[in-house]
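For reference, the chains in residue letters:
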Amino acid sequence: AQTVTQSQPEMSVQEAETVTLSCTYDTSESNYYLFWYKQPPSRQMILVIRQEAYKQQNATENRFSVNFQKAAKSFSLKISDSQLGDTAMYFCAFMEGAQKLVFGQGTRLTINP
Amino acid sequence: EPEVTQTPSHQVTQMGQEVILRCVPISNHLYFYWYRQILGQKVEFLVSFYNNEISEKSEIFDDQFSVERPDGSNFTLKIRSTKLEDSAMYFCASSEDFGRSGEQYFGPGTRLTVT
Numbered sequence: 001a002q003t004v005t006q007s008q009p010e011m012s013v014q015e016a017e018t019v020t021l022s023c024t025y026d027t028s029e030s031n032y033y034l035f036w037y038k039q040p041p042s043r044q045m046i047l048v049i050r051q052e053a054y055k056q057q058n059a060t061e062n063r064f065s066v067n068f069q070k071a072a073k074s075f076s077l078k079i080s081d082s083q084l085g086d087t088a089m090y091f092c093a094f095m096e097g098a099q100k101l102v103f104g105q106g107t108r109l110t111i112n113p
Numbered sequence: 001e002p003e004v005t006q007t008p009s010h011q012v013t014q015m016g017q018e019v020i021l022r023c024v025p026i027s028n029h030l031y032f033y034w035y036r037q038i039l040g041q042k043v044e045f046l047v048s049f050y051n052n053e054i055s056e057k058s059e060i061f062d063d064q065f066s067v068e069r070p071d072g073s074n075f076t077l078k079i080r081s082t083k084l085e086d087s088a089m090y091f092c093a094s095s096e097d098f099g100r101s102g103e104q105y106f107g108p109g110t111r112l113t114v115t
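In the order they appear, the protein sequences are chains A and B.
Counting along the first sequence from 1, when you hit position 105 you're at 105 in my numbering, and nothing is skipped either side.
Counting along the second sequence from 1, when you hit position 108 you're at 108 in my numbering, and nothing is skipped either side.
Just chain B, same shape as in the assembly (with noise of 0.2 Å):
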């Protein structure tokens, strides 16, 4: 069964570094999300992508951060300088539709730990 992949699974890194985290969506699809977990809090959506633009972003989704499609499989979220609170579970989703209907297909998630 197709499935959305992630790399890494877990990525550690300094303060003001920047990280770049992938993901792999199912082929088909056309729709691409990026959420973010804090450690024992809800999922929070960051942004999501169609036609190679970004179709909604969320107030979290500030400057720092950018998502870029730079070929036909890949999806990835930059964060440029990264900060303390931005230490949290990424996950990536995708949907074939768009709209009501469109079922969000989620990947295992990276960890990102900022320190």
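Next comes chain A alone, as it looks inside the complex (with noise of 0.2 Å):
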């Protein structure tokens, strides 16, 4: 089964500051796609970006971006200029077959003002 990581349990950064979120993740597959999804307090899941495994271009969503590492198994999510309405937990997810989402355990991240 596959396994998603994110090391970092808990992150603070300034307001305005740019942040990057690390996620690492084990899989045999060759074709897959990658999640980074948002969950500020009131604890709904937002989809943030995502990333097709066989797109070498790495997604961008105005603020946010991956830097995407096949070969190295790595996602990590950069929000740049970052606002007080990031403070969220964010959640890196792995597609796994056709339909199931795999999370990780999350990182919460908090902006200071």
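Just so you know, the hints here were simulated from the structure itself, not pulled from any lab data.
Keep in mind that the hints are not guaranteed to be accurate.
[Claimed, not checked] Below, computed lysine-lysine pairings styled on DSSO-like, alpha-carbon distance capped at 30 Å:
| no. | chain 1 | residue 1 | chain 2 | residue 2 |
| --- | --- | --- | --- | --- |
| 1 | A | LYS55 | B | LYS42 |
| 2 | A | LYS55 | A | LYS73 |
| 3 | B | LYS42 | B | LYS57 |
| 4 | A | LYS73 | B | LYS57 |
Mind assembling these two chains? They're in different frames, but the hints should get you there.
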């Protein structure tokens, strides 16, 4: 079974700074999808960004971008110009098979004013 | 923008009681999922559902759990005899496509407290 590891339980940065959240995964598949989800205090799961493994180009969504290193099985999330509203739990997730998302343990990110 | 809705937002029940958690997926979506998140832990897959059948289920999804699409809009998760360890946040999700490109949209969750 695939596993997803987030090695940073908590991170804290000042508003407007750039922060990078780490994620590694283990799989024997060659084609797959990776995701970052945000879970604010309301606990709703919100998709931030996704990456298709067969695409070499890193995905970007406004202030959010990923650094996808397929050989290293690494998928980090970079948040630029961080805002107070970015405070949340961030989960890295791997699409296993055709339907099941496997989540990491999460990183609690706090943006300080 | 279409969204997945879930009711109730919080359910308190006594151990041994049956609970039904309800979800209304996005209307044109065909694939439905339940996930669970015990407080402070990661989100775990429970079950996926398509064409009125379970497509895949995890080892967590034992005989006390069942899912149903009783009509054209609702998708339910039933826990027959709740245990203390069933206390968790339960998320419903839906997707339009099946497979790796199928982005899953999550509902706001139902917090289940078993006392």
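Results for each hint:
1. Proposed proximity of A:LYS55 and B:LYS42 is supported: the alpha carbons are some 27 Å apart, at most 30 Å.
2. At roughly 14 Å between alpha-carbon atoms, A:LYS55 and A:LYS73 fall within 30 Å of each other, so this suggested pair holds.
3. Under the criterion of a C-alpha separation no larger than 30 Å, the hint pairing B:LYS42 with B:LYS57 is consistent with the structure, at around 17 Å.
4. Proximity of A:LYS73 to B:LYS57 is assessed by CA-CA distance (about 26 Å); at most 30 Å being required, the pair is judged to hold.
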